[in-house]
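Student: The lines below spell out each chain.
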Amino acid sequence: MTTQLTPTATPPTSRRTAARRLTTRVGRVRELGIVVALALVVIPTAIVNPRFIQPQSLRDLLLNASIVALLAVGQTLVVITRNVDLSVGSVLGLSAFLTAQHFADNPGTPLLLGIGFGVAVGLACGLLNGLLVALGNVPSLVVTLGTLYVFRGIDYALAQGKQVNAANLPDALLDLGSSRILGIPILVLVAVVVIVVAAVYLRSYRSGRELYAIGSNPEAATLAGIPVARRTLTTFAVSGLIAGLAGALWVARYGTVDAAAGTGLELQVVAAVVVGGVAIFGGSGTVTGAALGALLLGTITSCLVVLQIPAFWQQAIAGALLLSAITVDRLLALRLAKALRTSEGTSHA
Amino acid sequence: MRNLLRWETALVFLLVVVALTGQISTDGSFLSGGNLFYLGLDIGEIALIALPLTLVIVAGEIDLSVASVLGLSSALIGWLWNAGWSLETILPTVIVAGAVCGAVNGLLVTRLGLPSLAVTIGTLALYRGLALVVLGDTAVADFPASYTSFGTTPVPGTDIPYPIVLAAVLAVLFGVALHASSFGRSVFAIGANEEGARFSGIRVKRVKLSLFVLAGAVAAIAGIVYTFRFSSARADNGVGLELAVVAAVLLGGVSIFGGKGSLFGVLAGVLLLGGLRNLLILQDTSTEVLTIVTGLLLLVSVLAPSVTRRVGSLRKAAP
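From first to last, the protein sequence lines stand for chains P and V. Under the working numbering, the residue at position 113 of the first sequence is numbered 113, and the numbers go up by one with no gaps. Under the working numbering, the residue at position 304 of the second sequence is numbered 1304, and the numbers go up by one with no gaps.
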């Protein structure tokens, strides 16, 4: 570092870059941390049971994590703007049931059209959430808690206790859930594409950067001329759209769908996002981190099965992991704030 | 304040409407003693947990782990009972365990400065997970009838179920604490302006910690009620109940941002949701309608103040 070379005349800028460097390093450490945690979980399991890292079980691992990872991408966009979308589980359920019923009632439906139908259902739900939050000026926690009930209720009312079985679904859809390209399951590829698109959008597009600005300081964002209401509406619409897509893929993956599909999934998704380093109060985090968080939670579940630890432990471990993730984040943030404060102090002196 | 009063008036009005519609459409059986007994039993746990949760939300925090604490205390009752403990020692132990759960939430929020939403989503999973670890997927049901009978019999000579008596006593205590004590004033002050509260000498961290401890302890009591009411200790007792309780509290006019709300409104909110549910069941309406109605009521309760404010400002803007 330059400061060590010229201790007598410390230029304020170099101190400041030091602090900035720490900022980026913390950001990188965060994602590296999840990768290390993944390794800590996978390596011992693989030593105990080498079959755990065979291609087939790795494929299952990715497949199981991909739906939560998809939802986590949409949730990340929302959480970055200092909001939360608790309705994703219900949107997924509604979209899954309607998609399955659509395919069952219209056997000739082209694959993409049917999936597009599920996506449209999700988009409509997301738009409703977004309109209520952005125009009603109501906290998103409450709005999406309300729509969590409403969408699930509509789901049950439409299903009336029925379920759609794999026998009534077109083979093309079920193939989508099980077939692979170059050895990688298609569902995983879909999730990866969505993650990459969202990551590039958040990193390199103006409106993507504006989401961070909104989450860091909504008032300042408004004063800076950012269309806060419109961006908020968009994030909820995208979160709903992705949940709709996840619902259609859920049908492809599991084949049998009733009105209870995806119940309680919202908490898993929020957990994945928070473990993945997205601050619950907005302004920071990446979709890659959130997707890695989903993968970590899914991997832990699989490891418990392989290690023959009772599945009862899974939930307790997920909870403990979430708590330690936010604790570590907090401690890092405190250290960072301290470093920034010292650099500010010297530059003013 | 005027807005708040108006909201509670609206709630009471809605309650009267529900009661009258129920009374007319069921030929008088809605308000009969027998039905009110079941209505009371049905809302017992929600009413209990809503009391401390009101204080937590008024202070600007949230606790989503309450239903998991309920489940953990139910699992502990079953586990300790299987281990041969007497119920006289189990019940205080379980309440203390609930308080410890609340203290963990409170310490993470106050000492580390973590957001309560994230902390209690974490402990929601953690406590429910611990309940599963303690009891697995088995159920313990061989409790003595002297304890489980209160779920089927009212207080002698009345139609009042025992859980409601408990909730009423606690409601008076919490009502006095929130609305007629300096502790309650500091809870409101913290919710309205935490910084300001600290500078005026309120021990913000200590007050918040005590609220989380209270929420844990009362959730454990609700777990005891739940266990004996169904005469079944299970790890998955009360899954998802946290959303119903939060919905009741917010429907009761408590602001999610803190600083506003009253215990009276919350009790009206609990009664309204319970009454609607009961009425729909009496009408043989499917429960999914109830789910939709719960969600819509919650949306209306938060949209109404926002809309009236907007209309008010438009009226002011017009000459």
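What the hints contain is simulated information worked out from the structure, not anything from laboratory work. Some hints here could point you the wrong way.
Said to hold, decoys possible - Anything over 10 Å on all C-beta distances counts as not near chain P; from chain V, calculated: (1) A1145; (2) R1185; (3) S1231; (4) V1239; (5) T1291.
Claimed, not checked - Facing chain P, from chain V, some residues (calculated, C-beta under 10 Å): (6) I1062; (7) P1092; (8) L1298.
Stated by the list, open to error - Stretch-level coverage of chain V by chain P, calculated; a stretch enters the list once three of its residues show a Cβ under 8 Å from a Cβ in chain P: (9) 1164 to 1176; (10) 1267 to 1277.
Because the structure is a prediction, the values reported are computed rather than measured. Every residue, glycine too, gets a C-beta built ideally from N, C-alpha and C.
Student: Grab the minimum C-beta distance from P1092 (chain V) to chain P and call the hint holds if it beats 10 Å, violated otherwise.
Tutor: Result: violated, 24 Å to nearest chain P Cβ.
Student: According to the definition I'm using, a residue is off the interface if its beta carbon is farther than 10 Å from all beta carbons of the partner; does A1145 (chain V) meet that for chain P?
Tutor: holds (30 Å)
Student: Are all C-beta atoms of chain P more than 10 Å from that of S1231 (chain V)?
Tutor: The claim holds: S1231 (chain V) sits with its nearest Cβ about 23 Å from chain P, beyond 10 Å.
Student: Hey, does T1291 (chain V) actually stay past 10 Å from chain P on C-beta?
Tutor: At roughly 3 Å from the nearest Cβ of chain P, T1291 (chain V) sits no farther out than 10 Å, so the non-interface label is violated.
Student: Count the residues of the stretch 1267 to 1277 of chain V whose Cβ falls closer than 8 Å to any Cβ of chain P, and tell me whether that reaches three.
Tutor: violated (count 0)
Student: Grab the minimum beta-carbon distance between V1239 (chain V) and chain P and tell me whether it stays above 10 Å.
Tutor: violated (8 Å)
Student: At 10 Å, judged by beta carbons, does R1185 (chain V) keep clear of chain P as stated?
Tutor: Holds, since 25 Å exceeds 10 Å.
Student: Using the nearest Cβ pair, does L1298 (chain V) come within less than 10 Å of chain P?
Tutor: Hint on L1298 (chain V): holds, closest Cβ of chain P at ~4 Å, below 10 Å.
Student: When the nearest CB of chain P is found for I1062 (chain V), is that gap smaller than 10 Å?
Tutor: holds (8 Å)
Student: Verify the coverage statement for the stretch 1164 to 1176 of chain V against chain P, using a C-beta to C-beta distance below 8 Å and requiring 3 or more qualifying residues.
Tutor: Violated, because only 0 residues of the stretch 1164 to 1176 of chain V bring their Cβ atoms closer than 8 Å to Cβ atoms of chain P.
Of the numbered hints listed earlier, those contradicted by the structure are 4, 5, 7, 9 and 10.
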